[in-house]
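2 protein chains.
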Amino acid sequence: MKRYGALEAGGTKMVMAVADEEGKILERTSIPTQTPEETMPEMAAFFAERSVEALGIGCFGPLDLNPASPSYGRITATPKLAWRNYPILQAFREKLGIPAALDTDVNGAALAESVLGAAKGLDSCLYVTVGTGIGGGLIIHGKPVHGLMHPEIGHIRVRPAPGDPMPEGICPYHGCCAEGMASGPSIQKRWGVSAKELPPEHPAWETEADYLAQLCADAMLSFSPEKIILGGGVMQQKFLFPVIREKTLAMLGGYISSPAVEAGLADYITEPGLGTESGILGAYLLARQA
Amino acid sequence: MKRYGALEAGGTKMVMAVADEEGKILERTSIPTQTPEETMPEMAAFFAERSVEALGIGCFGPLDLNPASPSYGRITATPKLAWRNYPILQAFREKLGIPAALDTDVNGAALAESVLGAAKGLDSCLYVTVGTGIGGGLIIHGKPVHGLMHPEIGHIRVRPAPGDPMPEGICPYHGCCAEGMASGPSIQKRWGVSAKELPPEHPAWETEADYLAQLCADAMLSFSPEKIILGGGVMQQKFLFPVIREKTLAMLGGYISSPAVEAGLADYITEPGLGTESGILGAYLLARQA
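Going down the list, the protein sequences come from chains A and B. To convert, count from 1 in the first sequence and add 22; that's the working numbering. To convert, count from 1 in the second sequence and add 22; that's the working numbering.
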């Protein structure tokens, strides 16, 4: 039976897995993300030793995903300086001599959710991770969206939520964008404690839900996904979901007519169907397509 | 040679055309939009007399474009009450007995621009019309986007522009959305004169460009189109383009790396390649696909 390599490349750790033709994870390990010189040989050795047919990489970004570009397959303007401009796709292709495919970590997760998870059977979905940053992966017409660069919906501007004590935001590029207002670090900065330590009745969560509802309403109006999946560390606070749904509906103001809206978005703004496995299964699906 | 029918269905007038296999418009006429009882027989007779093979309809919305829905092919929550819930697609199919296809007027225009116009050869584009309302059509992976309903990017919320004397907006659903702030009627309401009467040096245009730049920056971050095409009556003020480009770049804050951004968006935020013909040619392309 054929074996496929899957790499979920993150800024903190690299998760490597081997899966069979049916997507069953046979083996998995992770190593800390250091410099390419330190980390790449170890990863290449892992996949080489396991004789995988192909490799899929879901990677932190931004990435150059335009096959016609001279810097295709590189990590571009990342704040992780050792990886800036690193040609991760080409490096794996050369080291392993097998087909390899690259996409953003969030596009990988969106792909996995659309093939195997919460958006199975649908033509489109938006997957958003809310954690250290806010990132969005987008499937439309069954395929990940790249376009000019790739979606970076975490950086759309939002409006300060009513009563927000930190209305200026912390994004170094945009200040008051979704990531600047609603990421884990912005919660920490605003309230002085981490998201995990804030009790459900704390006003922090009304503020948080406002920003995530702005993102959801904006997505629904802009490109009309058939499902919005919210994952990542901050969304482990499950009580956020009904608050986000309610605020999204209020912001839409009755403008979008759809059974999903009439049902209060209950099945529309939803948790990942694959739990925390969306990322690695996305990388596996990229390997299958490589 | 085969002949195709094209209908650009607007709230004010219905533009009907017949085109040949190469997209050449052979004949064109328009009639005022009255009630379906008054307008439909006249339109059906026009196309029946010309023995068209198929009909494409680019229609004002919102529309139900989900083939699995019981109200597929209907105009839904339009303020034009006589047309609300009118099954325009089914009515033409029954009256003419030929294949017919329906999409939003702006998706039709986006399709025409992507096949024949400013986005020719690209996989994706956003077409926005700025006039009585603000509507957006979206092509991704070469096909119009529908999703949950269809894009309604004119209704994304924006932030009041610096010094805007009417920061609350006029959209009955959202107040301060792009349409509520930057449509022709909102310009008229804010300044007491129509867009056509405002000279280029009037502060109205800085305000207008701010809102349209918010829309462009938001689109680039959300779904990353390869080109943004701005058409419609308000965009006849061509001096708006460089101002919108400059403000969009400022809002992106250096976050998106792309040759288009490095080139100052000069070829990226652009006029329609088909002038005012995008709509009718879009309807023709829909007929070809029907």
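Hints should not be assumed to be uniformly reliable.
The list cannot tell twin chains apart, which means a pair is met if one copy fits it or any two copies do.
Listed below are the simulated SDA-like cross-link pairs for lysine to any residue, each with C-alpha atoms no more than 25 Å apart in a straight line [what the hints assert, rightly or not]:
| id | residue 1 | residue 2 |
| --- | --- | --- |
| 1 | 35 | 210 |
| 2 | 102 | 272 |
| 3 | 269 | 63 |
| 4 | 165 | 312 |
| 5 | 46 | 277 |
| 6 | 269 | 192 |
| 7 | 165 | 88 |
| 8 | 102 | 276 |
| 9 | 211 | 279 |
| 10 | 165 | 89 |
| 11 | 269 | 48 |
| 12 | 46 | 32 |
| 13 | 102 | 261 |
| 14 | 142 | 62 |
| 15 | 165 | 90 |
| 16 | 117 | 194 |
| 17 | 102 | 279 |
| 18 | 142 | 165 |
| 19 | 165 | 194 |
Hints are computed from structural coordinates only; laboratory data are not their basis.
Comparing the hints with the structure gives:
For a Cα distance limit of 25 Å, the shortest separation of residue 35 from residue 210 inside one copy, 22 Å, qualifies, whereas the shortest one across copies, 55 Å, does not. Only between protomers do residue 102 and residue 272 lie at most 25 Å apart by alpha-carbon distance; the minimum there is 24 Å, versus 39 Å within a single protomer. Taking the shortest Cα distances, residue 269 and residue 63 never come within 25 Å of each other, neither inside one copy (48 Å) nor across copies (44 Å). Taking CA atoms no more than 25 Å apart as the test, residue 165 paired with residue 312 passes in both settings, with 14 Å inside one copy and 23 Å between copies.
Taking the closest pair of Cα atoms, residue 46 and residue 277 never come within 25 Å of each other, the shortest separation being 43 Å inside a single copy and 37 Å across copies. In this assembly of identical chains, residue 269 and residue 192 lie within 25 Å of each other by CA distance both inside one copy and across copies; the values are 23 Å within and 21 Å between. With identical chains, the CA atoms of residue 165 and residue 88 are at most 25 Å apart both within one copy (15 Å) and between copies (19 Å). Taking the shortest alpha-carbon separations for residue 102 and residue 276, only the inter-copy value of 17 Å comes in at or below 25 Å, while the best intra-copy value is 43 Å.
Proximity of residue 211 to residue 279 under the C-alpha cut-off of 25 Å is found in neither arrangement, the shortest distances being 38 Å within a copy and 28 Å between copies. For the identical chains of this complex, residue 165 and residue 89 are neighbours both inside a copy (16 Å) and across copies (20 Å), given an alpha-carbon limit of 25 Å. For a Cα distance limit of 25 Å, the shortest separation of residue 269 from residue 48 qualifies neither inside one copy, at 42 Å, nor across copies, at 51 Å. For the identical chains of this complex, residue 46 and residue 32 are intra-copy neighbours only, at 22 Å inside a copy versus 53 Å across copies, given an alpha-carbon limit of 25 Å.
For the identical chains of this complex, residue 102 and residue 261 are neighbours neither inside a copy (33 Å) nor across copies (40 Å), given an alpha-carbon limit of 25 Å. In this assembly of identical chains, the alpha carbons of residue 142 and residue 62 never lie at most 25 Å apart, being 34 Å within a copy and 40 Å across copies at closest. Within a single copy, residue 165 and residue 90 get their C-alpha atoms as close as 19 Å, and across copies as close as 21 Å, so both meet the 25 Å cut-off. Taking the shortest alpha-carbon separations for residue 117 and residue 194, neither the intra-copy value of 36 Å nor the inter-copy value of 59 Å comes in at or below 25 Å.
Proximity of residue 102 and residue 279 under a CA criterion of 25 Å is satisfied inter-copy only: 16 Å between copies versus 43 Å inside one chain copy. When the C-alpha separation of residue 142 and residue 165 is checked against a cutoff of 25 Å, the pair qualifies both within a copy, at 13 Å, and between copies, at 21 Å. Taking the shortest alpha-carbon separations for residue 165 and residue 194, neither the intra-copy value of 31 Å nor the inter-copy value of 35 Å comes in at or below 25 Å.
Checked against the numbered hints listed earlier, the structure breaks hints 3, 5, 9, 11, 13, 14, 16 and 19; every other hint is satisfied.
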